[in-house]
Every structure is written in structure tokens, then in C-alpha cells.
Amino acid sequence: MGKFHRWGAMLDDSAELVCGCFSRSMDRNRATAEAYHLPDTSRVYADFREMTDKESAREDGIYFVSIMTANDTHYEIAKCFLEHDIHVICDKPLALHTDEAEELARIAEERDLLFGITYSYTGYALIRQAREMIRAGAIGDILHVCVQHPEDWVIPSAVDGKVDTSAWRFQPEKVGSSLCTNDLGTHAEQMAQFTGLHVKHVLAMMDTYPRDLPLDTNVNVLMDFGGDVTGTLWASQIAIGHECDSGIYVIGTEGSLEWTATDCDHPIYTPRSQPSQRLSAGADYLLDASTRLSRVAAGHNEGFIEAFALSRPVCAAIRPEASGWTYKAAPSLFDGSPPVLKVQRDFLM
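Numbering of the sequence shown is given in this note's numbering, commencing with residue 90 and proceeding in unit increments.
Derived pair list, reagent style DSS-like, types lysine-lysine, alpha-carbon separation capped at 25 Å:
#1 LYS92 to LYS168
#2 LYS181 to LYS263
#3 LYS92 to LYS181
#4 LYS181 to LYS289
#5 LYS143 to LYS92
#6 LYS263 to LYS168
#7 LYS168 to LYS143
#8 LYS168 to LYS181
#9 LYS263 to LYS92
What the hints contain is simulated information worked out from the structure, not anything from laboratory work.
The task is simple: from the sequences and hints, build the whole structure.
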């Protein structure tokens, strides 16, 4: 995922790649730095410990680091950078164990540092539109939430019901106790929490195909958000016909909202007892939370790379005076005024 982070970080000229540890092999490390046009080759580091020590000692050291390594290394690397007072963007999962995640959260809070996790699908502009509409009451009180993230990348590699398990993603010691749920289910769960709800109880059924794999490749979850609000989650790595079909459908007392990554520019808003409305990315009638993330005019497709441009809000939070962002209310699609958008640290969530 490194190239997507790099492209996304530089998409708005809000960040510059100045150093890194790109491989355990120093030959590949240097070759990658050269390919990335790193301006100072002395800032190519053998490991993350050397990188934290030397960058934190520089007057012009990095503001933040992006971590895109194997799952079992996230906690150790993130903790090291936080303890050197460097902001962190980390690929999911945050950690393999709850106590590790709680420790990272505590360190970040104590040191007043930002910690972003790249649940990139909620980086799409129209997901932000849906969130603000829900917050403002466009669909009334939420009754039910359906989220999904099916893919099919495991099953095509199966030969006679077996898969080559040498890749790190199939190794429990690298990815933890789950494959599909940790890898894709977390995207879907975070999408559900984007509504403002928080899961209270779950009932999950995890299954595996090919049968020789040590971890799950398909999961179905019943979710209880409390207050009589329910939900369902489906994630899969064996869903033939679904290349990458992240999506959410929210039912409320006054309407519904539906969004899928396969048509990321056009969420469907249906007011109760009225025709469905197909919204369009970049349109003037959208809320500021959405339009400020659109880099192309209406009618042009949002790109996968753009959803990874999380460095833009990170840089705005670190140095709001240099971000160039303005926050203003926009005309509402529904009765009542839209919420006033303020510069705040929870805009990453």
C-alpha cells in the first residue's frame, strides 16, 4: 500500500516525503528512495528505531510517519514514533490486541499527538456527505444499518481446494486470530460507526474456504447498537463476482441513505414517501464536508488514490494556520440548517 499512501500524501502538495525505511534490505531500501526521488539519501534508514532516533533529533525532522508494514509490527513501530513525539498514520489494524491499542491511544492523548488509521473508504467525499446528512437528521432516527465488504481475491488462487499459505496474510502469527474479519470486516465496522453509532453486542459466524487455511475467509455478524438499533455486517474474501464492494445502507424513520465503493460518486438518498435522489460528487448542492474533499468537477469520477489522501486533514490539524482550508456551512438538501463545521481533531473520524 506504500505507493497509494505516497501518492495520496502528495496529491494536494500538503506533505513531502523526506525520509523513510522502505525495506529490510538496504539495497531495496536505497533503490526505493531513489525511485521516490528522496532529496536526501542520508535520511534512508535501516529500521524504524534508527529513523525515530535521528528524525526526532533533527530541527527539520518529520511531522508525521505513515506505517504500512505487516499487522504484527504496527504496535511496536507506532509506539516508538509516539514516544518520540511524532504524529502517526497507520494502516489497519491498529494492533493485534486490545491492550496494545489502548496503550497507543493513551500515549497519543498524553502527548497531544494525532493518530490516524487508514480506513480509506470513509475518505471518499460522498461518505462525508452521508455522515453530515445523518447528523443533521435527514433520515430521522436510525433504525438499521447494513454494511459489507466482499472481495474474491482468495478463492481464485485455490487449486484443488488449497491455497499457498506462505504469504504473510495467511500466517496467524503475522495477522492475529483472524484473516477476513481483521482485514475487511474492520473496514465495514468502521463504516457503521461513521453513522455515529457504536456497537454494543455482536453475534458472529466465521467460516473458512479453502478448508486448509488456518483463518477465516468469510464472516457474517449481527450487531446491536443499543436503543433498539440493529445492524448486519458481511465481509468476505471468497465472494466470487465482488472485486472490492465496500458499502453501507442506513435506514431511518424519515428516509434512507445508500453508498457503495463501486459507484462511489453517487449515493442514493430516499426521503420517506418520496422518490429516490441520486446525488453527484462535486455538485454545488453538497455540504462542505463533502465538497472540500472533491478534487474534480461534478461528473468526473473520484479516484481510489484520493481516498488515501489522509495527510491533508492531518496536516490541517497539525498546522491549521498553513492548511488553507476554510470551514463554512453550505445550503442544505433538507429542511433545517446544516451543522456548522469547525476546525476540530475529530474530523478524521
